[in-house]
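2 protein chains.
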Amino acid sequence: MTAHILTIGDEILIGQIIDSNSAWMAEQLNLQGIRVTKIISISDTAEAIIKALDASFAETDLILITGGLGPTKDDITKKTLAQYYGTGMSFHEPSFERLSGMFARWGRATTAAHREQCFMPDNAVILTNKTGTAPGMWFDNEGKIAVSMPGVPYEMKYLMEHEVLPLIAKTFPGKPITHRTILTIGEGESRIAHRIQDIEEGLPEHIKLAYLPNLGQVRLRLSATGDNLAVLKEELEAQVALIRGQIPEFVFGYEKDTIENVVGQLLLKNRKSIATAESCTGGLVAHRITSIPGSSAYFEGSVVAYSYALKEKLLNVSPEILSTYGAVSEETVRAMLKGLLEKLGTDIGIAISGIAGPGGGTPEKPVGTIWIAVGNKNKTDTLKLQLGKSRSNNIKYTATKAMDMVRRFLLENV
Amino acid sequence: MTAHILTIGDEILIGQIIDSNSAWMAEQLNLQGIRVTKIISISDTAEAIIKALDASFAETDLILITGGLGPTKDDITKKTLAQYYGTGMSFHEPSFERLSGMFARWGRATTAAHREQCFMPDNAVILTNKTGTAPGMWFDNEGKIAVSMPGVPYEMKYLMEHEVLPLIAKTFPGKPITHRTILTIGEGESRIAHRIQDIEEGLPEHIKLAYLPNLGQVRLRLSATGDNLAVLKEELEAQVALIRGQIPEFVFGYEKDTIENVVGQLLLKNRKSIATAESCTGGLVAHRITSIPGSSAYFEGSVVAYSYALKEKLLNVSPEILSTYGAVSEETVRAMLKGLLEKLGTDIGIAISGIAGPGGGTPEKPVGTIWIAVGNKNKTDTLKLQLGKSRSNNIKYTATKAMDMVRRFLLENV
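Just so you know, the sequences run in chain order A and B. Number 138 in the working numbering belongs to position 138 of the first sequence; there are no gaps in the numbering. Number 228 in the working numbering belongs to position 228 of the second sequence; there are no gaps in the numbering.
Any given hint could be a false lead.
Unchecked claim - Residues from chain B that keep clear of chain A, each with C-beta distances beyond 12 Å, as calculated:
1. Asn30
2. Val36
3. Ala104
4. Gly107
5. Ala113
6. Arg115
7. Gly143
8. Lys144
9. Ala241
10. Leu268
11. Glu278
12. Gly282
13. Glu300
14. Gly326
15. Thr382
Said to hold, decoys possible - Here are some, though not all, of the chain B residues that point toward chain A, as calculated from beta-carbon distances under 8 Å:
16. Ile17
17. Ile18
18. Ser20
19. Ser43
20. Ile126
21. Pro173
22. Ile177
23. Ile185
24. Glu187
25. Arg191
26. Gly283
27. Leu284
28. Ala305
29. Leu344
30. Ser392
To be clear, the hints were calculated from the coordinates, so they are not data collected in a lab. Quick caveat: nothing in here was measured; it's all calculated off a predicted structure. Virtual Cβ for every residue (Gly too), placed ideally from N, Cα, C.
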């Protein structure tokens with residue numbers, strides 16, 4: 001089973017926005033066993049839309065369309081689809097009731113334009129959009145399916161999850177497919193592949209393994225197809241256990257976990273508080289920790305000390321350590337951590353100092369030299385990184401690495 | 001003049017990566033007066049590539065292709081293009097010399113696979129890629145142009161800027177086109193449009209204005225086409241001056257400026273130092289400031305104080321203020337700012353406290369209530385924001401707003 005994704009709108013064609021919708025939709029379809037063979041972005045003209053529909057239906061039975069449903073675009077997608085199918089448009093009372101109710105709650109009245117938005121092609125199954133004003137539409141023309149959704153990402157995602165994907169599963173009941181994703185951190189793709197080579201080579205034909213790497217993290221996605229979903233799930237669980245057994249130190253979570261989330265859960269579970277003392281990461285670690293809702297339960301605060309003076313004043317780092325070893329040294333991050341724990345009184349701390357670049361390097365300490373310390377008042381782990389020349393990548397990679405050090409520290413010492 | 005963009009590779013079709021290349025390429029082509037009418041992503045099979053080339057050449061004379069040139073993909077794009085044009089492949093000595101030199105500098109020897117990578121279709125003009133191993137290729141078949149580039153974003157960008165865009169300008173010498181971008185912050189798209197309505201309506205036919213909004217910022221891009229580039233540039237300058245004159249308080253820069261950069265330049269110019277005291281933004285403002293290379297010249301440090309206790313301890317906020325007005329109040333951000341300036345000794349400070357959500361709201365102070373204070377020891381500006389329910393958007397928008405308050409403070413008071 002294949003599908004095409006068609007995005008309608010000039011915003012993508014002039015480079016104003018990046019088409020992130022299609023990647024998300026493609027991933028969801030893949031997870032349901034549907035292979036996307038083409039993604040097409042076209043202009044919002046009737047001619048372009050009709051030509052694209054004809055071309056795609058010559059190659060596939062399923063087209064997912066986003067965009068062109070907003071009021072500023074004159075609803076060109078909806079009208080064009082009605083024209084394409086040679087059908088009339090009728091007023092859709094339930095859509096208008098929902099819209100009126102929504103506006104009433106906001107204390108606003110509906111206008112003629114809103115009534116206009118509720119005229120829908122007669123052959124469309126209307127898909128309720130609880131996140132916006134434009135409903136989705138499902139067209140079934142003798143087994144050739146076109147689905148039209150708004151291009152606003154959260155509206156499209158709502159419709160996909162609640163309406164479109166279930167309808168697709170019902171309409172194209174292929175073999176069951178199921179997935180498990182193992183999240184790893186701290187080792188590269190090729191080294192992980194080497195470590196689990198035997199397991200990968202021993203995978204049965206109906207189980208596939210994909211490596212999805214991203215700046216210090218690698219997701220391992222197992223997909224199984226077969227006849228019996230319960231059996232497939234059991235098989236995948238067994239493979240997950242095998243892989244985890246082979247690389248236990250790198251696995252930090254599953255499915256939609258994030259390192260920030262996992263560390264947050266560990267801190268909550270162990271009732272430990274945390275703080276950060278940051279130099280070259282400039283507050284990014286604190287920002288990552290506090291991006292998690294509810295992080296105030298374990299995050300106390302952070303000191304970003306860029307200058308020598310502030311490292312001394314805010315973190316009690318002695319001038320002797322700074323002058324003897326320099327700001328980028330194991331001794332300094334240890335002293336920063338000690339000062340942080342004393343000053344902020346948390347159970348765990350993170351201290352980071354380094355040269356993010358592009359300037360500031362020396363032959364002895366080139367750009368990308370970064371020290372991290374993670375610990376409590378009894379024990380400290382330190383790590384020296386030797387990264388590249390990109391300031392932005394150095395900062396991001398270091399923040400990720402520091403979060404992983406906290407994870408390991410909590411698992412080993414708490 | 002139109003073009004199609006064709007991306008080759010399963011990574012996009014399975015949703016593993018988002019196609020950010022195409023948006024960048026489309027923007028560059030648009031800036032050169034070439035309208036992208038279709039962006040297509042296809043699988044890396046010869047059949048799919050050949051069908052896509054035929055379909056696109058039926059609609060346009062220019063196809064930009066990315067992807068399928070890496071060694072892991074068996075160079076399917078290159079072979080397929082040779083097949084498409086019915087041409088042989090020959091060893092390209094200059095490419096091999098460059099490759100060997102590159103590897104020699106890394107202290108590594110070339111392999112047979114590298115020699116293989118230097119066989120190029122006989123009808124291709126080879127475009128030197130100084131950023132990677134795969135050269136670009138330019139095919140001209142009686143005025144129908146196909147350009148093949150690697151999919152690695154920085155390699156593609158290098159080739160576009162140094163080889164492809166100049167060649168396109170030479171091959172399709174349309175009317176001169178030139179652009180100016182005005183960067184605004186602090187006002188929405190529709191309000192700005194209203195303020196400059198007269199100017200926009202008075203624009204001559206050959207000058208276009210585009211609004212490019214993004215979370216608190218709106219870029220205004222003016223594009224002019226005509227016969228005389230020097231005249232066009234003068235005309236645009238005059239329009240820029242008119243627009244700036246209408247909305248002077250919102251214009252913070254031009255072209256590729258960022259608010260972080262502009263604030264950094266203002267601080268440098270006025271020899272002022274800065275620090276931040278952050279609660280709900282959790283260090284993001286400090287991270288934004290320090291994302292700029294060389295920011296250590298003006299950024300001293302930051303205190304992220306999530307808890308009452310740390311607001312008292314690190315920023316000298318009195319318990320009375322916190323208990324009387326609450327952590328999210330004008331009084332508290334003023335006290336945080338005062339404490340910050342005392343403790344860190346910088347010229348300027350930013351203090352932020354708010355409820356980022358999704359939890360923590362009250363009827364009196366719902367989620368999205370955020371206070372910002374910006375000032376020096378003599379004068380303080382404060383602002384109350386009432387934002388929405390998205391934690392991530394609230395944090396990002398607040399950080400941007402705070403940077404803009406610093407910009408205005410520096411312009412008005414320093």
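Find the hints from earlier in the document that the structure breaks and name them by number, from lowest to highest.
1, 2, 11, 12, 13, 20, 21, 22, 23, 24, 25
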